[in-house]
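Participant: So the chains spell out like this:
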Amino acid sequence: NAGVTQTPKFRILKIGQSMTLQCTQDMNHNYMYWYRQDPGMGLKLIYYSVGAGITDKGEVPNGYNVSRSTTEDFPLRLELAAPSQTSVYFCASSQGGVGTEAFFGQGTRLTVV
Amino acid sequence: KNEVEQSPQNLTAQEGEFITINCSYSVGISALHWLQQHPGGGIVSLFMLSSGKKKHGRLIATINIQEKHSSLHITASHPRDSAVYICAGPNTGNQFYFGTGTSLTVIP
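Line order of the protein sequences matches chains A and B.
Going by the numbering used here, the first residue of the first sequence is number 2, and it counts up by one from there.
Going by the numbering used here, the first residue of the second sequence is number 5, and it counts up by one from there.
No lab work stands behind these hints: they were computed from the structure.
Being a predicted model, the structure only gives us computed values, none of them experimental.
Certain hints may be false.
[What the hints assert, rightly or not] Cβ pair distances, simulated, as ranges:
no.	chain 1	residue 1	chain 2	residue 2	range
1	A	F11	B	S55	27 to 33 Å
2	B	S54	A	N29	29 to 35 Å
3	B	E21	A	K58	41 to 47 Å
4	A	P62	B	G32	23 to 29 Å
5	A	G52	B	T79	16 to 22 Å
6	B	P112	A	K58	30 to 36 Å
7	A	P84	B	K59	41 to 47 Å
8	A	G52	B	K59	29 to 35 Å
9	A	P76	B	Q70	27 to 33 Å
10	A	D74	B	E9	20 to 26 Å
11	B	K59	A	G4	33 to 39 Å
Cβ coordinates follow ideal geometry from the N, Cα and C atoms, glycine included.
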């Protein structure tokens with residue numbers, strides 16, 4: 002039972018480069034989330050989706066884009082990477098939103114140099 | 005000020021000790037989640053509770069919605085319990101208010 006799978010686990014980007022963080026869940030969950038976690042700080046919501054074709058901004062969406070073409074996949078796109086985007090990124094999913102149990106991926110540690 | 009405050013921020017305990025981590029929140033929430041983040045970085049959901057108490061193995065979580073307070077207890081702590089424990093409360097906008105976490109180290 003894979004749960005929530007994120008790739009890659011680690012990545013180093015140069016300033017101005019772009020990349021896509023992949024997130025896939027096999028639990029048929031409607032809700033999916035992208036968070037970032039900076040050192041010593043709590044998780045902050047970047048984007049979330051309540052179902053295929055529907056996405057919405059969270060607390061810190063600037064510099065990121067998402068899409069949700071299928072229930073399973075929720076990729077996060079970084080355009081023009083900046084040092085401020087150095088962080089650990091977590092994807093999560095839940096069946097019924099934040100009032101139900103959340104399942105997290107293993108995280109992607111991104112460094113922008 | 006964070007909507008969700010945790011204490012202590014850091015905690016070191018001897019193996020076998022009883023541990024309590026507290027979570028207080030200033031906003032109205034219907035339920036509260038406790039998460040565990042392992043040293044390797046992965047996050048696991050421990051509990052979601054909206055009233056009373058839940059127990060899973062050596063972990064016990066309690067919540068008092070009226071007092072806006074929740075506690076996570078670990079009985080007979082073990083070095084493998086060393087992790088960051090995070091409480092989170094859902095708002096009405098499909099988002100969480102996250103605490104900044106309590107870093108627990110259990111020494112053998």
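Participant: If a hint holds in the structure, say so; if it does not, say that too.
Facilitator: For each hint, the structure was consulted:
About 41 Å separates the C-beta atoms of F11(A) and S55(B), a value inconsistent with the hinted range of 27 to 33 Å. A hinted range of 29 to 35 Å for the beta carbons of S54(B) and N29(A) is inconsistent with their spacing of about 24 Å. With their beta carbons about 43 Å apart, E21(B) and K58(A) fall inside the hinted range of 41 to 47 Å. As the Cβ distance of P62(A) to G32(B) is approximately 25 Å, the hint placing it in 23 to 29 Å holds.
Checking the proposed 16 to 22 Å range against G52(A) and T79(B) shows it is violated: the Cβ atoms sit about 40 Å from each other. At about 46 Å, the CB distance of P112(B) to K58(A) disagrees with the hint of 30 to 36 Å. A hinted range of 41 to 47 Å holds for the C-beta pair P84(A) and K59(B), which are about 44 Å apart. Look at G52(A) against K59(B): about 34 Å separates their beta carbons, and that is inside 29 to 35 Å.
Distance hint for P76(A) and Q70(B): a CB-CB separation of about 42 Å, inconsistent with the stated range 27 to 33 Å. Between D74(A) and E9(B) the beta carbons are some 35 Å apart, a value that contradicts the proposed interval 20 to 26 Å. Checked against the hint of 33 to 39 Å, the pair K59(B) and G4(A) fails, with Cβ atoms roughly 24 Å apart.
Figure legend: structure checked against the earlier numbered hints; hints not met, in rising order: 1, 2, 5, 6, 9, 10 and 11.
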